[in-house]
Amino acid sequence: MATATAHNTDHHHEETFISKYIFSMDHKMISKQFLITGMIMAVIGMIMSSLFRLQLGWQGESFWILNFFLGDKWAPDGILDPNMYLALVTIHGTIMVFFLLTGGLSGTFANLLIPLQIGARDMASGFINMLSYWFFLASSIVMIVSLFVETGPASGGWTVYPPLSALPQAMPGSGMGMTLWLVSMSLFVVSSLLGGLNYVVTVINLRTKGMSMTRLPLSIWALFVTAVIGVLSFPVLFSAALLLIFDRMFGTSFYLSDIHIAGELLEQTGGSPILYEHLFWFLGHPEVYIVLLPALGITSEVIATNARKPIFGYRAMIGSILAIAFLSFIVWGHHMFITGMNPFLGSVFTFTTLLIAIPSAVKAFNYITTLWKGNVRFTPAMLFSIGMVSTFISGGVTGIILADSALDINLHDTYFVVAHFHIVMGLSAVLAMFAGVYHWFPKMYGKMMNRKMGYAHFWVTFICAYGVFFPQHFMGLAGVPRRYYTNSEFPLFDEFIGMNEMVSIFAIVGALAQFIFMFNFFYSMFRGPKASQNPWGSNTLEWTTPVEHIHGNWPGALPTVHRWAYDYSKPGKEHDFVPQIVPLEEGELDGGAGH
Amino acid sequence: MVTFLIIVAIALASLAVWQLLRVFEGTAKLKGGDSFVPTDAENKYQGRMMLLFMFGYFAFFAWLYVRYAPHLLPESASEHGLVLDQLLNFNFLIITVVFVITHVFLFYFAFKYTYSSDRKATFFTHSNKLEMLWTTVPAVFLAVIIVYGLSAWMDITAEAPEGSLKIELYPKQFDWTARYSGTDSVLGASNYNMISGTNPLGVITNASLMAMQQELSDEIGALKEELETVPKGGLKEEEITETIGKRERQLARVSSFEGLEKASLVAGDDDILVKTEFYIPVGQSIDFIFRSRDVIHSAYMPHFRAQMNCVPGMTTSLNFVTRKTTEEMREMTGNPEFDYLLLCNKICGAAHYNMKMIIKVVEPEVYDQWIAEQETFAESIQPADEEGMAEATKVTGNEISMIEQ
Ligand code: HEM
Ligand SMILES: [Cu+2]
Ligand SMILES: [Cu+2]
Chain L
0 MATATAHNTD
10 HHHEETFISK
20 YIFSMDHKMI
30 SKQFLITGMI
40 MAVIGMIMSS
50 LFRLQLGWQG
60 ESFWILNFFL
70 GDKWAPDGIL
80 DPNMYLALVT
90 IHGTIMVFFL
100 LTGGLSGTFA
110 NLLIPLQIGA
120 RDMASGFINM
130 LSYWFFLASS
140 IVMIVSLFVE
150 TGPASGGWTV
160 YPPLSALPQA
170 MPGSGMGMTL
180 WLVSMSLFVV
190 SSLLGGLNYV
200 VTVINLRTKG
210 MSMTRLPLSI
220 WALFVTAVIG
230 VLSFPVLFSA
240 ALLLIFDRMF
250 GTSFYLSDIH
260 IAGELLEQTG
270 GSPILYEHLF
280 WFLGHPEVYI
290 VLLPALGITS
300 EVIATNARKP
310 IFGYRAMIGS
320 ILAIAFLSFI
330 VWGHHMFITG
340 MNPFLGSVFT
350 FTTLLIAIPS
360 AVKAFNYITT
370 LWKGNVRFTP
380 AMLFSIGMVS
390 TFISGGVTGI
400 ILADSALDIN
410 LHDTYFVVAH
420 FHIVMGLSAV
430 LAMFAGVYHW
440 FPKMYGKMMN
450 RKMGYAHFWV
460 TFICAYGVFF
470 PQHFMGLAGV
480 PRRYYTNSEF
490 PLFDEFIGMN
500 EMVSIFAIVG
510 ALAQFIFMFN
520 FFYSMFRGPK
530 ASQNPWGSNT
540 LEWTTPVEHI
550 HGNWPGALPT
560 VHRWAYDYSK
570 PGKEHDFVPQ
580 IVPLEEGELD
590 GGAGH
Chain Y
0 MVTFLIIVAI
10 ALASLAVWQL
20 LRVFEGTAKL
30 KGGDSFVPTD
40 AENKYQGRMM
50 LLFMFGYFAF
60 FAWLYVRYAP
70 HLLPESASEH
80 GLVLDQLLNF
90 NFLIITVVFV
100 ITHVFLFYFA
110 FKYTYSSDRK
120 ATFFTHSNKL
130 EMLWTTVPAV
140 FLAVIIVYGL
150 SAWMDITAEA
160 PEGSLKIELY
170 PKQFDWTARY
180 SGTDSVLGAS
190 NYNMISGTNP
200 LGVITNASLM
210 AMQQELSDEI
220 GALKEELETV
230 PKGGLKEEEI
240 TETIGKRERQ
250 LARVSSFEGL
260 EKASLVAGDD
270 DILVKTEFYI
280 PVGQSIDFIF
290 RSRDVIHSAY
300 MPHFRAQMNC
310 VPGMTTSLNF
320 VTRKTTEEMR
330 EMTGNPEFDY
340 LLLCNKICGA
350 AHYNMKMIIK
360 VVEPEVYDQW
370 IAEQETFAES
380 IQPADEEGMA
390 EATKVTGNEI
400 SMIEQ
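Sequences listed follow chains L and Y, in order. Numbering follows numbering that gives the first Met the number 0, in which position 77 of the first sequence is assigned residue number 76; successive positions increment by one, without gaps. Numbering follows numbering that gives the first Met the number 0, in which position 39 of the second sequence is assigned residue number 38; successive positions increment by one, without gaps.
Check the hints yourself; a few may be wrong.
[Unchecked claim] A partial selection of chain Y residues facing chain L, derived with a Cβ cut-off under 7 Å:
1. V103
2. F104
3. A120
4. P301
5. N308
Just so you know, these hints were derived from the structure itself, not from any lab. Here a beta-carbon is modelled for each residue, glycine too, at the ideal position from N, C-alpha and C.
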């Protein structure tokens, strides 16, 4: 335990503003940096979705606000340009999936929770941790810069399939904007890898005395497995991006073959766009779980704490995290059922994909059973977590339909898919991220957030979220394709004009509701009531550290762990929680290990 | 001005909320209680809200269903689509039941077990029996879904039967062309090197081959002449030299098609190319093949429950049997304007949203009559004049020998 001895609390670092807030190597500060950066990106992504929802809700109508944000070039007379529509959708998706729910979510909570909940002074390498943040920031900046280039940002969809994304003559967004997108994503991969390696090493090596793997809180299990998935799959995205850069700049033909575009014959032959799809989704599907697992981990902690009851089936929960992680690597083909792949291969992917439903179902049932005969306390974090279980189920069940290759034929790339992935991945992860912020805000800032505003924020967000995405299932079932600038060319879809309007109104109200959160967040940071050491009555180690942040987390020796994290309402105990640092009484069985 | 007003409005709203907060703070202090965890009143209220939300959610679902279910896709226009719809309904039935049951438990438990300080939660860590139960029950249902789903999938993706009508659908940014095989039931060979203004699909026939060679060698000739007129060593010279190189290589590739079998060089002559609208006979198996000229597109025919990506550099295919004419569908849906559509369903550029073709399913007699009226590929291309042809062949000879060296 090199770090443990190196950081002694009575040895004071000379700290300047720069070393404390900017080039910080302290995991708690880095966590806050990730959170704030993620929030800024999320606001951008959200504004984008509101802008294109204006177009979708009232197709072809003029809005001064579009012109205000996009200028005369991309929204002349307030009418959105079709290229800009695609660009907004693309960057929205990229930001939400990668910057908010990968960098933002894992970056914030892995950094905050891993050392604090396993009883470590800091990450294994503070320096690499700092680099991880700086690459993330650089990548975010490049992505934002790409919004301002002459030909517009990348606009081939967040999956950027070649040849569309490889050829500047295919669409304006495939020019400079696409180059910057690739640069940004490459930086992002570096950030993820640096962060992920650090998380893995820290969990394996720096657990405090008594913190066996079977006493780890589920949040740590989830973040740990997420990091492993990331380390194994992000390099593949990196190579996909690299080969695409080669095709774009050096005339190679990894992904290009037999193309005649914009009146010009290209000489590249022998490549295949399908190769790109395989590489992309080899990351892309595990990515879904990189987003989802931390969310499930957060939810597990929040639900157990606030139901005042052990998480039900702790070992089954770990087992299902591992099963999901393993399976997530062998299902990527379900995104490619209709690329002309061998039907037999398609059926293998159907089979593996449907298998994932089993561990997922176990998780959902276990959450519900945790509530059963609990003593449920509705903090805002708890509301968001229950909301998350609901979206996880609502979005998960439609996955069963899409996993069925035969049914995917007619639903692929329709709004049914948009509804499915937003609910199961987008909403679940966003709700859990809010839950995490409300729950650990006292740990991050030493202040409490306002609860009443939390309630208002939850209900408006939750209702609007379903209001936006639930109806889209019906559009998908009617065959409405996604990534369409307008449906006005298809009288077939006229029936959905009203629905589109309703969805847009929900989207805009829901977006505005986020300002309640932002206000609460920043107000409480400065003016909120001072937090107590363990405001929620939790068992985990982070609540044994002082409210004021110190280097090395614990003054004096590191805590020793004597029990699992879920001794809530244990019979024969005075309080309805027993922190992990409390030794077992004579003859007392540890809930995590004992049967 | 408007911007200014908005900023003022936001500032005012923030101020209002700020004030509101001070009130909360004040009351919390007055009561003197620990304001960090929710009060009993708050818990009770939120517990009720949970239940209320559940009813609201179900009501929303029900309303959407009643309102929109009649406007989903009409009965399938293809044979396999009937099987798929059954499969879809079966899966929906299962997931709807799961969805409702789990949500009832989730929200009801949240409501029922709302916090009360004089109660303790039950310390219930795990139960192997329960966990076995909810591992095996989903597994059994999934097994059924998998077997049912895959048997449908295997049927649908099977090769088209002998005697199917073969049609190629060919997309480019941003339209579709359909190609029929004509009287010989064989689609002529095609290649992207052959694409020209008159030959949008690059069909290779003796005539189109000669025309293409002619066109390319004319262009090369013109470029060479231009090369004489530009200053040496300049950028322009480099550019032209490069273009000449490209065209010469293309010409070589094109000329290599002369080596194709005689039969396949005439198969394309009777092919028929149509745009905007194509006809297919009812009650017949249609075998579609797809290529793409530029980027990935996707041929989506929702009424037939059919979709396949069109990928440059490769050929994909699907087949189905039609079962209802456009007329019959119009009667059934009560919509005299109803038409089957082919849509593009893979993002392909700015006008992706407007890439469609109308599909007319008609009685076989009507189809025969329609197809007989269409112009063949041979008719559609201008025959090249004798002199040009001779010259083209000459250049070709040189090119081939160059490549061989
Ligand atoms: C503010 C609430 C949100 C709204 C109103 C919204 C709405 C939309 C809409 C309408 C589309 C375009 C669908 C299409 O034409 O294909 C879209 C695309 C997408 N959204 Fe969201 N979304 C929201 C939040 C999120 C979140 C939280 C995520 C995180 C997973 C997310 C991820 C995506 C992705 C990956 C795409 C696909 C982009 C693409 O087609 O390339 N969105 N969103
Ligand atoms: Cu996937
Ligand atoms: Cu398209």
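Any of the earlier hints contradicted here, and which numbers? 1
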